[in-house]
Amino acid sequence: MKIVLNREKLNSFYVQTIKDISLQKIMSCYQCGKCTAGCPVADFMDVVPNEMMRLVMLGEIEKLLSSKAIWLCTSCFQCGTRCPKGIEVHRVFEALRSIALREGKNYTDIEKLSEDVLDEIPQQGIIAGFRKFESLE
Amino acid sequence: MKRIIYYPGCTLHSTAYEYGNSTEAVLKHLGIEFEEIPDWNCCGAASAKSLNHRLSILLPARNLRNAADLAGDVYVPCAGCYNNLMKAKKAMENEEGREEIEKKLGKFHRIPEVYPLMNLFIDDKVLKKLSENKLNTDVKIACYYGCAFLRPEEILQNENPELPKSIDTILNTLGVHTVEWPLKSFCCGGDLSLASSDIVSVLVEKILIYAIEAGASAIVTACPLCQANLEMRQKTKMPVFYFTEIIGIALGIDENKWWKKHLVDPGNVVSKLKGGR
Ligand code: SF4
Ligand code: SF4
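As you go down the protein sequences, you meet chains U and R in turn. The first sequence maps to residues 1 to 137 in the working numbering. The second sequence maps to residues 138 to 414 in the working numbering.
Please note that the accuracy of each hint is not assured.
[Said to hold, decoys possible] Using C-beta positions, here's what the derived DEER-type ranges look like: (1) U:Asp-46 <-> R:His-190: 41 to 51 Å; (2) U:Phe-13 <-> R:Leu-242: 34 to 44 Å; (3) U:Thr-108 <-> R:Lys-411: 42 to 52 Å; (4) U:Asp-119 <-> R:Glu-161: 21 to 31 Å.
Please keep in mind that the hints were generated in silico from the structure rather than gathered at the bench. All C-beta atoms in this analysis are idealised placements derived from N, C-alpha and C, irrespective of residue type, glycine included.
Construct the complete structure from the given sequences, taking the supplied hints into account.
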C-alpha cells in the first residue's frame with residue numbers, strides 16, 4: 001500500500017477530533033509494537049494497535065473508521081499500561097469508535113440478536129455492548 | 138477489629154449473590170464491622186461512559202458523597218464499581234472538577250479513600266487471623282485478576298498492574314498453593330460478549346488452557362464479570378471461585394447456596410480444599 005504524506009491530511013478535521021477526544025500525544029508513538037504485543041484481540045484485528053497508531057499519524061482515518069478492529073477492542077487498557085511513551089492507545093480506539101458511531105456506523109445490530117444469545121451473555125456484557133450502541137444519539 | 142464502609146454495587150445483590158453473601162459472612166466472622174453506603178446508587182457500569190461523560194462521573198461521585206457522612210474507608214468488591222468510583226475520586230482531585238461536581242451534588246466534607254475488597258484482607262492484622270485458619274490441601278489455584286482492578290494504573294494504583302499479588306497473598310496465607318502463570322491480568326473479553334461472542338470463547342479457552350498447564354484445578358477471581366464469563370464460556374469445566382468463598386471455606390462457614398449459583402459444579406474442588414475437615 002502506497003500512502004502519500006501531506007500536511008493537509010495530518011491536520012484534517014478527523015485527526016484533530018481524534019486528538020481532542022483521546023487527549024493523547026499521537027506523534028510520540030515510535031512504533032515499538034508493545035501495544036500490539038499485549039493486546040488480547042490483536043489476532044482477530046484487521047488493523048492491529050500499532051498499525052492503527054501509524055495510520056492516525058499518517059492521517060489515513062477513513063480506513064480506520066471502516067475497520068473491524070475498532071469494534072473488537074475490549075477496552076482492557078493493556079496497551080496503555082505497556083506503552084513506553086505513555087500513550088493511552090485504548091483512548092485512540094475509543095475516539096475512533098465515537099466518531100464512527102456519530103457517523104451512523106455500528107457493529108452490533110441488537111435487534112438481530114436472538115433470545116438465545118441474549119440469554120447466554122452475562123448481564124454486564126450486555127450493558128457493555130449497549131454502551132457502544134447508545135452513543136449513537 | 139476494624140470498621141469499614143461497604144459498597145456492594147448492583148451485581149453483589151443479584152447475579153453475583155454468592156460473592157455478596159460470602160463477603161458478608163466472612164466480614165462478620167472476622168469481626169470486621171461494615172456499613173453499606175446510605176442510599177447508594179448504581180456506579181454507572183459501562184453504559185454511562187460514552188453516552189454522557191458527566192453522568193458517568195456524577196453517578197459514582199454521589200456514592201462517594203453519601204459515604205463521606207460515615208467514618209472510615211470505602212471497600213468495593215466489584216472491579217467495575219471500583220474502577221468507576223476511582224474515576225470519580227480522580228475527577229475531584231482538582232479544584233475545578235470538585236467545584237463542578239459539588240455544584241450538582243452539594244458539598245463534600247471529605248473525600249473518602251476507596252479500596253478494592255482484596256486490600257482489606259492483606260492488612261497485617263487480618264492476615265494474621267486468616268493464618269490461624271489454614272486449609273490442609275494440595276489443590277493448586279490460579280489467581281486471576283482481569284482488567285478493571287488493575288488498569289488504568291494512573292487512576293487505580295492499588296497494586297502493580299503487571300504483577301498483581303493480593304489474591305495470591307490471601308490464598309497463600311490460608312495454606313493454599315497458587316501457581317505462577319502468564320494470564321493473571323489478561324482480558325477475558327467480557328465486554329465483547331455482545332459484539333463478538335466467538336472471540337470471547339477463544340480468549341476464555343486460552344485462559345483455561347494456561348491455568349491447567351500451570352497445574353491449577355480451579356481459578357479464583359474477584360471480578361463478577363470475569364467469574365460469570367469464565368464459567369459460562371469454557372468447555373473444560375474448571376470451577377471459578379470468588380476469593381471470599383475460599384476464605385469462607387477456610388473459616389468453616391461456607392454454604393451450599395453459594396455453590397448452587399455456580400455454572401460449573403465446584404463440589405469436587407470444595408471437598409479437596411476442605412481436606413479431611
Ligand atoms: S506501545 Fe506506544 S510507542 Fe509503542 S507502538 Fe504502541 S503506541 Fe506506539
Ligand atoms: S484496550 Fe483495546 S487495543 Fe488496547 S490492548 Fe485492550 S483490546 Fe487491545
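These are the hints, each one checked on the structure:
1. At roughly 29 Å, the beta carbons of Asp-46 of chain U and His-190 of chain R sit outside the given window of 41 to 51 Å.
2. Under the hint 34 to 44 Å, the C-beta atoms of Phe-13 of chain U and Leu-242 of chain R, about 36 Å apart, fit the expected range.
3. Checking the proposed 42 to 52 Å range against Thr-108 of chain U and Lys-411 of chain R shows it holds: the Cβ atoms sit about 44 Å from each other.
4. Range check, Asp-119 of chain U to Glu-161 of chain R: about 29 Å between beta-carbon atoms, so the 21 to 31 Å window is met.
In the structure shown, a violation is registered for the earlier hint numbered 1 alone.
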